[in-house]
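Participant: Below, each chain spelled out in residue letters.
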Amino acid sequence: MLGKLDWSAIPFDQPIPLIAGGVVLAGILAVLIWVVVKGHLPYLWHEWITSVDHKRIGVMYILLASVMLLRGGSDAIMMRIQQAIAYQSQGYLPPEHYNQIFSAHGTIMIFFVAMPFVIGLMNLVVPLQLGVRDVAFPTLNSVGFWLTATGALLVNLSLVIGEFARTGWLAFPPLSELSYSPGVGVDYYAWSLQISGVGTLVAGINLVTTVLKLRTKGMNYLRMPMFCWTTLASNLLIVAAFPILTATLAMLLLDRYLGFHFFTNEAGGNVMMFMNLIWAWGHPEVYILVLPAFGIYSEVVSTFSSKPLFGYRSMVLATMAICIISFMVWLHHFFTMGAGPDVNAIFGIASMIIAVPTGVKIYNWLFTMYGGRIRFATPMLWSVGFMVTFIIGGLTGVLVAVPPADFMLHNSMFLVAHFHNVIIGGVLFAAFAGFEYWFPKAFGFRLDERWGKVGFWFTFIGFWVTFMPLYVVGMLGMTRRMQHYDVAEWRPWMLVAAFGMLLLTIGVLAQITQVVVSVRNREALRDRTGDPWDGRSLEWATSSPPPVFNFAFYPDVRGEDAYWALKQHAQEQQLGDHSGPEYQDIEMPRNSPTGFVCAFFATVMGFALIWHIWWMVILGGVGAFATFVVFAWRDHDEYVIPAAEVERIDRINVEERRNLVSLAGTL
Amino acid sequence: MTMTATLGHAHADPHHIGRAAEHPGPAPKRIVTAYGFWVFLLSDIVMFSCFFAAYAVLSGQTAGGPKGSEIFDQRNVAIETVCLLLSSFTCGMASVAADVRNRFWFYLGMAVTCVLGLIFLAIEFKEFADLVGRGYGPSRSAFLTAFFSLVGCHGLHVSAGVLWLLTMMAQVFAKGFRADVLRRMMCFALFWHALDIIWVGVFSVVYLLGGGA
Numbered sequence: 001m002l003g004k005l006d007w008s009a010i011p012f013d014q015p016i017p018l019i020a021g022g023v024v025l026a027g028i029l030a031v032l033i034w035v036v037v038k039g040h041l042p043y044l045w046h047e048w049i050t051s052v053d054h055k056r057i058g059v060m061y062i063l064l065a066s067v068m069l070l071r072g073g074s075d076a077i078m079m080r081i082q083q084a085i086a087y088q089s090q091g092y093l094p095p096e097h098y099n100q101i102f103s104a105h106g107t108i109m110i111f112f113v114a115m116p117f118v119i120g121l122m123n124l125v126v127p128l129q130l131g132v133r134d135v136a137f138p139t140l141n142s143v144g145f146w147l148t149a150t151g152a153l154l155v156n157l158s159l160v161i162g163e164f165a166r167t168g169w170l171a172f173p174p175l176s177e178l179s180y181s182p183g184v185g186v187d188y189y190a191w192s193l194q195i196s197g198v199g200t201l202v203a204g205i206n207l208v209t210t211v212l213k214l215r216t217k218g219m220n221y222l223r224m225p226m227f228c229w230t231t232l233a234s235n236l237l238i239v240a241a242f243p244i245l246t247a248t249l250a251m252l253l254l255d256r257y258l259g260f261h262f263f264t265n266e267a268g269g270n271v272m273m274f275m276n277l278i279w280a281w282g283h284p285e286v287y288i289l290v291l292p293a294f295g296i297y298s299e300v301v302s303t304f305s306s307k308p309l310f311g312y313r314s315m316v317l318a319t320m321a322i323c324i325i326s327f328m329v330w331l332h333h334f335f336t337m338g339a340g341p342d343v344n345a346i347f348g349i350a351s352m353i354i355a356v357p358t359g360v361k362i363y364n365w366l367f368t369m370y371g372g373r374i375r376f377a378t379p380m381l382w383s384v385g386f387m388v389t390f391i392i393g394g395l396t397g398v399l400v401a402v403p404p405a406d407f408m409l410h411n412s413m414f415l416v417a418h419f420h421n422v423i424i425g426g427v428l429f430a431a432f433a434g435f436e437y438w439f440p441k442a443f444g445f446r447l448d449e450r451w452g453k454v455g456f457w458f459t460f461i462g463f464w465v466t467f468m469p470l471y472v473v474g475m476l477g478m479t480r481r482m483q484h485y486d487v488a489e490w491r492p493w494m495l496v497a498a499f500g501m502l503l504l505t506i507g508v509l510a511q512i513t514q515v516v517v518s519v520r521n522r523e524a525l526r527d528r529t530g531d532p533w534d535g536r537s538l539e540w541a542t543s544s545p546p547p548v549f550n551f552a553f554y555p556d557v558r559g560e561d562a563y564w565a566l567k568q569h570a571q572e573q574q575l576g577d578h579s580g581p582e583y584q585d586i587e588m589p590r591n592s593p594t595g596f597v598c599a600f601f602a603t604v605m606g607f608a609l610i611w612h613i614w615w616m617v618i619l620g621g622v623g624a625f626a627t628f629v630v631f632a633w634r635d636h637d638e639y640v641i642p643a644a645e646v647e648r649i650d651r652i653n654v655e656e657r658r659n660l661v662s663l664a665g666t667l
Numbered sequence: 001m002t003m004t005a006t007l008g009h010a011h012a013d014p015h016h017i018g019r020a021a022e023h024p025g026p027a028p029k030r031i032v033t034a035y036g037f038w039v040f041l042l043s044d045i046v047m048f049s050c051f052f053a054a055y056a057v058l059s060g061q062t063a064g065g066p067k068g069s070e071i072f073d074q075r076n077v078a079i080e081t082v083c084l085l086l087s088s089f090t091c092g093m094a095s096v097a098a099d100v101r102n103r104f105w106f107y108l109g110m111a112v113t114c115v116l117g118l119i120f121l122a123i124e125f126k127e128f129a130d131l132v133g134r135g136y137g138p139s140r141s142a143f144l145t146a147f148f149s150l151v152g153c154h155g156l157h158v159s160a161g162v163l164w165l166l167t168m169m170a171q172v173f174a175k176g177f178r179a180d181v182l183r184r185m186m187c188f189a190l191f192w193h194a195l196d197i198i199w200v201g202v203f204s205v206v207y208l209l210g211g212g213a
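So the sequence lines, in the order shown, correspond to chains A and B.
Just so we're aligned: 357 in the numbering used here is position 357 of the first sequence, and the numbers increase by one with no gaps anywhere.
Just so we're aligned: 50 in the numbering used here is position 50 of the second sequence, and the numbers increase by one with no gaps anywhere.
No lab work stands behind these hints: they were computed from the structure.
Note that beta-carbon positions come from the ideal geometry of N, C-alpha and C, so glycine has one too.
Some hints here could point you the wrong way.
Claimed, not checked - Here are the simulated EDC-like cross-link-like pairs (lysine to aspartate or glutamate), alpha carbons at most 16 Å apart as the crow flies:
#, chain 1, residue 1, chain 2, residue 2
1, B, Lys-29, A, Asp-637
2, B, Lys-29, A, Glu-638
3, B, Lys-175, A, Asp-635
4, B, Lys-175, A, Asp-637
5, B, Lys-29, A, Glu-587
6, B, Lys-175, B, Asp-99
7, A, Lys-213, B, Asp-73
8, B, Lys-29, A, Asp-134
9, A, Lys-217, B, Glu-22
10, B, Lys-126, B, Asp-180
11, A, Lys-213, A, Asp-342
12, A, Lys-217, A, Asp-556
13, B, Lys-29, B, Asp-180
14, A, Lys-217, A, Glu-96
Unchecked claim - One side only, chain B facing chain A, incomplete, derived with CB under 7 Å:
#, residue
15, Met-47
16, Cys-50
17, Leu-182
Work out the full structure: start from the sequences and follow the hints.
Facilitator: Right, dumping it as structure tokens:
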């Protein structure tokens, strides 16, 4: 009846996951009770859960990523403490638990922190920058988000029901095959990634179509803000790479569930095929994450230097070059496979070549700052901190791209330091920069600068103190994923790293404080004009937060930095009377619970698949299909905002902007 | 202020590359939908390419089990291929009928497409059942694993297509040729034709190349 599920799945004998799970469960229950008692449920349901507004969905993606960052961060803290005390002792985490923690940490940080954070920012910002009213497929957008949330839910469920994978974040066979991992851990891993992978693919298709087919008048390709370009590149990579992950995990699941022989040791299975397939997805994946990050830095550096982006066209070229070359370097993840010197040399050279367009970008940012009037607001601090940090990470990357050096450093802590160097310094710093930069746009008030800077400095310094020692122990021969060790030379470095983790934790707490303080002082921090940073692209041309239709009129773009040009023009003209075209009715897509209901059935189905509860699998599948049929059957998918209402909303913002311009005129 | 203004001006498209054609604005819904679905189809083809690659890697790994030439029945495959190619034609007829809003020919075209799809699935199912019955199931060898997965993945797509087809017929019956129904019909037709193209690949790589060896 319940497949493999029984009471032994609850880890009553292990206090740590049980208590952690209990605390999380109590937290969720408390929030739910508060929402219901305070009567917020209808608001939450109508305005957020069923919303198909790209801005709302973007905010929910970022919220999901932030919550999961705390979960993944807790794992990181536990690992750093374990390695700090597990010198000639077992530490406080038993091996099977420690292995689950590092697997969960990697899986969560990549799939449920970095991915939703960048997809959330793209969702929030790109339609605004393109000057349009929504993404190409609003309801699918909601489906994509909720499927991602399903994946995150399943991963967290493994904390209290059953176990998570002990195989590392990519579940290499043969360890991940049924004979070596008979538990449900790998199944939790694979099904949550399959389900959230569908969500990611949907988001990718949606954003590619949005950028290529939905742009306002005059928004030619070479006038798009840099973030739109990197979004395009990143989502092209999603569309081309995520199906590989889906296929690879499907093969692994077929091996585990139906006794197939894709990656087994017996009957002709080929383990190295898994490595090739997973990294053919995995390497483009790192560019899926870092390209939007580059886009964020481009926007921030240009805005806070009050200058157009230096070398815009070379930046576009570099972005698209990275997009293509990223598919030609995957083998550098396993030089030690023994493919031979010629193959290794080709992939080593390709890996070094990809550093060239990245270098072009770094120089472009530096030259953008050169001669500019730089304002060191928090987003700019993150960007400059990124440049310093990412160059080191990039250089160590070029180092391990040399096959002979890689043979020495493969699977060592040096590698761990390298990829944290580029992912934290590249992607996470960008996520924070984008968060600070676009927060006023999303919510209508700025974030507290003082706490933002405290957060930056603790995170920045904490990062260096945590990860530089890992380079050193890597050089001293320490391999990754060690539950305990007996080498005295490593010990001091692990203690330093643990101290760095403390600084990082303070950084995160400072950022949480920043949000709380800013919400309290929101009246003082209010952004009335919609343009708090003297911005250059179209998202700043509408109010903060933007009305549901984003723009009363499709903006007419005449060049790069569309909004900057508009402001220049307005100042010359002294922004006379509003003599634009008449306001018109606007049609917007209606809200739909399709995404939420679909994800509910996907959760049921995923859980049932993990525990082999076959009747429930069928129930979930039929439910998901029925949801789509019901959606397809509805008769009205749009509603109309009357012209008078559009005018009323738009006039308020136009008035605020006029005040600003006349003030600037008197100065 | 003058300086930034000059900079901004100097930067704005000095070679008039972007001026060649002003972008006209957001595309109409029909274009957007079809475009998005094409992008999905490309991603689906990428997924199939993984199974093709796996088949290419594992096709020699028979582990003492049968080779392709010992288990493939060219006559069955020929019938399957004819069914699927014909169904693409009838699906095209249904699309044309939908565009001119002719219910009779639409239902007829879709029904014939459905029957041909079901015949294809029945033959494939029989082939699979036959192999499993002889002890040549997917767990027998890595070659059979790859064979069952690649061909089965295509079969699953055809099954999903048949389900979609029936839903489309029901929707036209209930809602008529509404704009959104027509857009879905267009996506369905694209999907069905794409499956045909993939079958040509499966037919060539698995049955033709494997049959002779």
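Participant: Decide, hint by hint, whether the structure agrees.
Facilitator: Hints, one by one, checked against the model:
1. B:Lys-29 with A:Asp-637: holds, 13 Å
2. B:Lys-29 with A:Glu-638: holds, 13 Å
3. B:Lys-175 with A:Asp-635: OK: B:Lys-175 and A:Asp-635 at ~9 Å, within 16 Å.
4. B:Lys-175 with A:Asp-637: holds, 14 Å
5. B:Lys-29 with A:Glu-587: Judged against 16 Å, a Cα distance of about 13 Å means the pair holds.
6. B:Lys-175 with B:Asp-99: Roughly 15 Å separates the two Cα atoms, so the pair holds.
7. A:Lys-213 with B:Asp-73: Cα-Cα ~46 Å, so violated.
8. B:Lys-29 with A:Asp-134: holds, 12 Å
9. A:Lys-217 with B:Glu-22: Given pair A:Lys-217, B:Glu-22 holds - Cα atoms ~7 Å apart, limit 16 Å.
10. B:Lys-126 with B:Asp-180: violated, 38 Å
11. A:Lys-213 with A:Asp-342: Since the Cα atoms of A:Lys-213 and A:Asp-342 sit roughly 43 Å apart, the hinted pair is violated (cutoff 16 Å).
12. A:Lys-217 with A:Asp-556: holds, 5 Å
13. B:Lys-29 with B:Asp-180: holds, 9 Å
14. A:Lys-217 with A:Glu-96: Status violated; Cα separation ~58 Å.
15. Met-47: Result: holds, 4 Å to nearest chain A Cβ.
16. Cys-50: holds, 4 Å
17. Leu-182: Since the shortest Cβ distance to chain A is 13 Å, the answer is violated.
Hints 7, 10, 11, 14 and 17 from the earlier list are contradicted by this structure; the remaining hints agree with it.
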